[in-house]
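Residue numbers (the working numbering), protein chains in the order written: chain A, 1 to 299; chain B, 1 to 299.
Think of the hints as simulated: they come from the structure by calculation, not from any bench. Predicted model, so just to flag it, every value in this text is computed and none were measured. Heads up, some of the hints might be wrong.
Said to hold, decoys possible - Listed next, with one range per pair, are the computed distances between beta-carbon atoms:
no., chain 1, residue 1, chain 2, residue 2, range
1, B, 169, A, 93, 35 to 41 Å
2, B, 96, A, 101, 41 to 47 Å
3, A, 273, B, 105, 32 to 38 Å
4, A, 71, B, 101, 51 to 57 Å
Where a beta carbon is used, it is the ideal one built from N, C-alpha and C, also for glycine.
2 protein chains.
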Amino acid sequence: MYIDNHRFLRTDVKGFDSWQDLIADSGVDAIYIATPTALKEEIAVVAAQSKKHVLVDKPFVTLESLQKITVACRENQVLFMDATHFVHHPRIATIKETMEESIGKIQAIRSAFYFPVSDRNNIRLNQELEPTGALGDLGWYNMRATVEFLAPNINLSQTSAKVERDAKTGAIVRACGMLAFDDDSTSTWDAGYTSGAVTMDLVLIGTKGIITLDDFVLDWVNSSVFKNPDLKAGFYLKNGLDTRADFKFIEVKSEQSSQVKMVENFADLVFNGVANSATNYCQVSEKTQALLDELYRCV
Amino acid sequence: MYIDNHRFLRTDVKGFDSWQDLIADSGVDAIYIATPTALKEEIAVVAAQSKKHVLVDKPFVTLESLQKITVACRENQVLFMDATHFVHHPRIATIKETMEESIGKIQAIRSAFYFPVSDRNNIRLNQELEPTGALGDLGWYNMRATVEFLAPNINLSQTSAKVERDAKTGAIVRACGMLAFDDDSTSTWDAGYTSGAVTMDLVLIGTKGIITLDDFVLDWVNSSVFKNPDLKAGFYLKNGLDTRADFKFIEVKSEQSSQVKMVENFADLVFNGVANSATNYCQVSEKTQALLDELYRCV
């Protein structure tokens with residue numbers, strides 16, 4: 001039985017032999033769906049229809065598939081949140097609250113998320129389960145940053161993308177491109193599994209200054225991959241002709257990792273009975289997936 | 001008279017009242033043409049035809065215009081060099097010599113060059129004199145980095161660009177875009193006058209690692225704008241899951257600024273009688289301008 005082979009060390013946690021059994025259990029309030037992308041929609045829709053709140057890993061197969069989930073969540077008044085952890089680090093709220101004053105209107109976003117994956121047996125290179133490969137898996141973060149930091153009510157006016165596919169599996173292993181919006185703001189981005197080093201750069205170029213993060217996805221200090229308590233989480237602020245010696249580092253401490261904060265925020269919303277419609281998690285998720293869909297159409 | 005109003009403090013330096021007089025002087029071996037872009041071709045062509053070596057500021061109006069200069073230089077066996085100073089910093093040679101070993105094949109280049117210019121009377125915003133605005137003036141460096149670091153014999157397969165024009169002058173004040181080449185390598189780039197801070201980021205993403213520079217155009221240590229002798233010139237090297245604490249800084253010292261090195265290298269080639277055909281300065285300049293022309297066609 002699946003559960004006997006995968007039981008948690010904590011034997012006080014109830015296990016199930018199928019996702020259907022899990023969803024049917026009246027003691028379950030919320031479900032974290034971290035299955036391969038191609039398998040998310042069915043589980044999430046059934047979960048929502050069974051009045052379970054859902055935290056669903058990103059990306060989604062298409063916006064259409066995501067909307068089947070978000071519609072089911074809205075109709076059943078359960079919470080939808082996609083599992084994009086970086087936005088739950090308190091520095092993101094700090095940047096958003098202070099950026100108009102510190103860097104003015106953001107004109108251009110530059111982002112890069114490269115994370116080395118070379119094993120062709122890794123699920124990320126399985127086109128059936130992960131149909132958009134690195135474009136969806138990593139590019140999600142570039143697009144989510146674009147949605148988070150550019151103006152809220154802008155429309156895409158130009159899209160370009162280029163992908164590299166793995167010779168053996170055909171999976172998208174690297175992607176880059178450019179988006180432009182009708183307020184003249186732009187987003188240039190790179191994402192891929194194919195480099196020999198991780199890079200997680202985010203640059204917000206504003207009329208009054210520039211904010212940069214070198215660890216925007218998984219902070220170096222406390223995240224599922226990096227644990228460097230001697231480092232600081234936060235962001236750099238540049239103004240005028242600041243050089244490397246002048247860049248100001250604004251520290252924003254977080255007691256927990258952004259992953260833990262994400263689950264806490266999700267649980268708070270569930271426990272406090274905040275109606276799904278009161279959160280914008282459906283909207284930011286749909287906007288992010290819509291950008292990915294447009295990019296995928298270009299390749 | 002022009003010369004009386006603009007005479008150098010060094011009175012032992014001969015002055016001229018026109019560029020024609022300067023070129024006609026038999027004591028002049030070489031000319032640095034730093035006029036507005038629209039006025040470069042005529043002066044440079046006449047100079048070359050008069051057997052003067054030419055160091056010509058970038059960018060050029062078009063590749064066609066540049067080629068009138070380079071053809072005249074080849075025909076008259078005089079040296080052509082464009083005044084792109086950053087490539088003369090010794091760290092560029094160090095990166096090129098070591099990058100195959102340190103970061104493998106470069107798949108993607110990311111570059112950003114923003115330099116704040118807000119005065120509408122600045123020549124940079126004069127469309128007649130500087131027809132391609134920030135795309136040519138700053139984007140030149142993004143494109144030159146692309147030519148310098150990607151494989152030499154690749155062809156452009158995809159181009160996209162977006163520009164923002166100044167409401168009053170119509171000049172291009174900001175640009176970004178993406179280039180892809182037939183070996184699957186890519187270049188994403190941003191350039192502009194409109195931010196409140198300078199940024200000069202270059203990222204070379206390779207199969208074995210990543211090289212980054214935060215001052216690729218005008219190094220912080222010793223350049224025409226920045227003088228921070230306490231800083232170090234060089235580049236960062238990242239491998240595997242290196243964090244901010246692990247990035248290796250490879251220092252490459254330079255006794256002179258890259259501007260002085262450029263003039264020294266130019267003078268060495270002139271004095272050592274190296275035929276123009278023996279240098280690749282025509283070729284890299286033409287390749288760079290060809291990329292700019294393709295981008296300008298998109299906007």
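Each hint tested on the structure:
A hinted range of 35 to 41 Å holds for the C-beta pair residue 169(B) and residue 93(A), which are about 38 Å apart. Between residue 96(B) and residue 101(A) the CB atoms are about 42 Å apart, so this pair conforms to the stated range of 41 to 47 Å. Distance hint check for residue 273(A) and residue 105(B): the Cβ-Cβ separation is about 54 Å, which falls outside the suggested range of 32 to 38 Å. Range check, residue 71(A) to residue 101(B): Cβ separation about 53 Å, and the 51 to 57 Å hint holds.
In this structure, the one hint that does not hold is number 3.
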